[in-house]
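Novice: Based on the hints, put chain B in the right spot on chain A.
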Amino acid sequence: MTIDVTISGGKVSPSGQKLDLAVGQKVVLNVTSDVDEEIHAHALGDGYQLNVSAGKPATGSFVVSDPGSFYVEAHHLEKVIVILNVR
Amino acid sequence: MTVALLPLHGIGSRDDLPLPFGFVIIGAVLTLIISFGVLLFAWRRPRYSTIGGRELPRLTALIDNRVVRLVARLLILAAYGWAALALLAGKDLLTNPIFGYVFVWMWVGLVPISLLFGQFWRATNPLRTIHRGLCAVARIDSSLGLLTLPRRIGVWPAAVGLFAFGWLELVQPERTTLGVLRVWALSWLVIMVLGAIVFGQRWIAAADPFETYASTIAEMSIWRRVVGGSLRLVNPLAGLSSWLPPRGAPAAVAALLGITAYDSFTNTSWWIRTVQASNAPPLLWQTVGLLVMIIIVLTSFSAAARWMGRYTTESSAAYPRLMACSVVPIVVGYAIAHYATLLIVEGQRVAINFSDPLGRGWNVFGSAEMGVNSAIFNRPTAIAVIQLAAIVGGHVMAIVVAHEKAVRLLPPERALAGQWPMLAVMVGYTCAGLLLLFSP
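One line per chain: the protein sequences are A and B, in this order.
Letter 46 of the first sequence, counting from 1, is numbered 46 in the working numbering, and no numbers are missing.
Letter 431 of the second sequence, counting from 1, is numbered 1431 in the working numbering, and no numbers are missing.
For reference, chain A alone in the conformation it holds in the complex (with noise of 0.2 Å):
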């Protein structure tokens, strides 16, 4: 599962989409930003981070390894990209 992230503006783009997922997926995160920024996911035990920094796109990944519904925010703009229904 890949997907292309949009940090611009303040806003970021998906904008609270759901995806469905299987447990033991892995996720690819294609992040552009305007502004420096942390990428937070919760799907792991500790959780998943991803930095990037303005003006330079960053890729990351990480595989989903529990059931549940998470979020995957956007930390300083305190704004959610996509929840993860991972089963």
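Honestly, the hints are just simulated from the structure, not real lab data.
Every value quoted in this text rests on a predicted model; they were computed, and no experiment measured them.
No residue lacks a Cβ here, since even glycine has one placed at the ideal position from N, Cα and C.
Heads up, some of the hints might be wrong.
[Stated by the list, open to error] Cβ pair distances, simulated, as ranges:
no. : chain 1 : residue 1 : chain 2 : residue 2 : range
1   : B       : A1072     : A       : Q17       : 26 to 36 Å
2   : B       : A1072     : A       : D36       : 49 to 59 Å
3   : B       : P1281     : A       : R87       : 33 to 43 Å
[Said to hold, decoys possible] Derived list of chain B stretches under chain A, where covered just means 3 residues or more per stretch with a C-beta under 8 Å from a C-beta of chain A:
no. : region
4   : 1015-1024
5   : 1377-1391
Specialist: Just chain B now, kept in the frame of chain A:
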């Protein structure tokens, strides 16, 4: 949890999966069939006019024993004191047990405590213990104050307090930081204790949101005190039907239902998308959203109750209060569906961190090294079944109580005509609840 994220429900990072749509349909169909069944075929004369049940003289003697009461109150006070230690001197991290103590143990825990143990919360409320202690030292009667609280005030202050706590739980920015929680905790303590000094101990029953929530839920338990003071084991339907709610109870119950409904609603894609795209501050959206949910519940419930007044000589304004008891099972069903996994998982985390309130590496109760068992999250079907059972079960109990009240309050030939709006409103709450759990 090392990453401080926008917490869900005030705390916790992992949420229940959406209820499968098939479950929503099953729930809605069951709700409709059972509701019409009750309306058309249930009893036409009141069934629970007498409380009935079994008297329990030995249990009454035990719980009325002064030493037992004192020990229970002091133990509960000690627990709150320990939590206060974490609040005032602990570390400002999510491993501080105070956040879970307030948002999970207190706010969610009071539901099973009240269902299982009746008016336990009111009997052991630390606010009352503190006020009694102060009065004992000052040698004044704790039931008296400087002024008399008018009867008319009922639980209106508590209804406002419930809205305030809902706002804290779901809207207050930085709610899982010590600075913010300290202000709220101090405000609660001062308003309650000062109010009790001014108005007497009755203020706490009128204004403490936790006690009002707990004592409302306790009306649905199997324990009941009858006039004369002894404890009886009763049918919860009979007990709930016999309860005369205080003034302001419809507002309090509407706040409880509205808070849970709002919590679910903020999890929908539509809400997240709309609030995040808007230039209006999220705080405004959230405050208005919470208020609107509560107002929707209050107005729909009051209108349905007032409809019953058309068929009697009693004023319509009396009916929301008389019928408030019937919504309580729906409140409980919603609470179980939304918070059960939170209590089971985050509740354990509080117990673990409770051994080390100051974050110094203590292990006072021996739980500090334990891990949280979150196996429940690996059974999404079991969770979905529990949620469906809670919502539909709560609905069935609610319409049975509403039916019983209707046949008691209305003339027999009007019982059907007077009841159906309340039934429709309850079907609406239940189907809305199922849809919100489906969380589109």
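Novice: Does each hint hold? Answer for all of them.
Specialist: Okay, the hints, checked on the actual structure:
1. Taking 26 to 36 Å as the suggested C-beta distance range, the pair B/A1072 and A/Q17 does not conform, at roughly 50 Å.
2. Look at B/A1072 against A/D36: about 54 Å separates their beta carbons, and that is inside 49 to 59 Å.
3. Checked against the hint of 33 to 43 Å, the pair B/P1281 and A/R87 passes, with Cβ atoms roughly 35 Å apart.
4. Only residues whose C-beta sits within less than 8 Å of a C-beta in chain A count toward coverage, and the region 1015-1024 of chain B has 4 of them, enough to reach three; the restraint holds.
5. Residues of the region 1377-1391 of chain B with a Cβ under 8 Å from some Cβ of chain A number 3, which satisfies the need for three, so the listed coverage holds.
When the structure is compared with the earlier hints, a violation turns up for hint 1 alone.
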